[in-house]
Amino acid sequence: MHAQAEKQTVASHGAEHALPAFPFGWEHHKDRHCIWIVSPEGYIHSRAFEDVALGLHYAFAELGGSAPLVTDPRDWNGRVPIVYGANLLPSVAAQWLPPESIIVNMEQVSAESSWINHRYLGLLKKFAVLDYSERNRQGLAKLGVPAEILDVGYNRHLTRVPQTPVKDIDVLFYGSVNERRKNVLVALQASGLNLVHLFGVYGTERDAFIGRSKIVLNVHHFDAAIFEICRVSFLLANGACVVSEGNIHDPEVAAFAEGMAFCDYDRLVETCIELVRDEEKRSAIASRGFGLMCERQQATILSALMARGG
7 MHAQAEKQTV
17 ASHGAEHALP
27 AFPFGWEHHK
37 DRHCIWIVSP
47 EGYIHSRAFE
57 DVALGLHYAF
67 AELGGSAPLV
77 TDPRDWNGRV
87 PIVYGANLLP
97 SVAAQWLPPE
107 SIIVNMEQVS
117 AESSWINHRY
127 LGLLKKFAVL
137 DYSERNRQGL
147 AKLGVPAEIL
157 DVGYNRHLTR
167 VPQTPVKDID
177 VLFYGSVNER
187 RKNVLVALQA
197 SGLNLVHLFG
207 VYGTERDAFI
217 GRSKIVLNVH
227 HFDAAIFEIC
237 RVSFLLANGA
247 CVVSEGNIHD
257 PEVAAFAEGM
267 AFCDYDRLVE
277 TCIELVRDEE
287 KRSAIASRGF
297 GLMCERQQAT
307 ILSALMARGG
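FYI, the numbering for the sequence shown is 7 to 316, going by this note's numbering.
Bear in mind the hints are in silico, worked out from the structure with no lab data behind them.
Check the hints yourself; a few may be wrong.
[What the hints assert, rightly or not] Taking lysine-lysine pairs in the DSS-like style, the calculated list, with each CA pair at most 25 Å apart, reads:
1. K131 to K148
2. K173 to K287
3. K188 to K173
When you get a sec, could you build the whole thing from the sequences and use the hints?
What follows is the structure, encoded as structure tokens:
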């Protein structure tokens, strides 16, 4: 019966509504997928997807299945890809991706983002789509792309940052810089704090800087101000004290309000200065953040999504 239903579902590929990501439940999907991080040659920033993709990889394993993490389509080995970084694909990818492929959107859905373009939206409309943010999901729906939510969660293997006994970095910020981010970084430097900015640094090299930092800073890139849970989750999983721009009345922010130091944009520098001087408060925030992250088990989240057939 599943085979017939699957045939009918695949036949509907390209219809107005996207395919469900995981029809037929866990048994059908537990060893059916690989997790593909689109990695164009010479483009190091694909590694920005690693932490969240690893969380999903570990979740499959924890539930008794498998979803190997790959960066080359030649390593799919007959599995159906769950795709991270589809915004890097050409539009012709729709012709050779398996119909059951699942795209995980990691881009903020904002008119300011150059990634939310005709090419990428055209690809999203042809496949099942998962997203980490309800605000993103609503934005995609307005653009004709239905999506399901796959919350970003925790797995114990993500706790891996080596912590140094002496934190010699006051504030760490990593990521690209536009004008609104630059203004904060310049002000932090002017305040006399030891600020380190990383760009294009990933994996264990980045982890070492996190372990040396009193504070890790998160600043919105776009005015849309969609909470960067994909960036922050790994930090919380490793006991970092995170200072973040954010409105605690935003439901996606409110879920982490007790485990991060949220403030308005114009108070970011002041908040960093206060926390650099208060080790006890930093430690308490980091501890609560780790606890909140641990409550969001990625395996439980994935299992619930599978049960819904989403």
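Hint check:
| no. | hint | verdict |
| --- | --- | --- |
| 1 | K131 to K148 | holds (12 Å) |
| 2 | K173 to K287 | holds (15 Å) |
| 3 | K188 to K173 | holds (24 Å) |
Violated hints for the displayed structure: none, as all numbered hints are satisfied.
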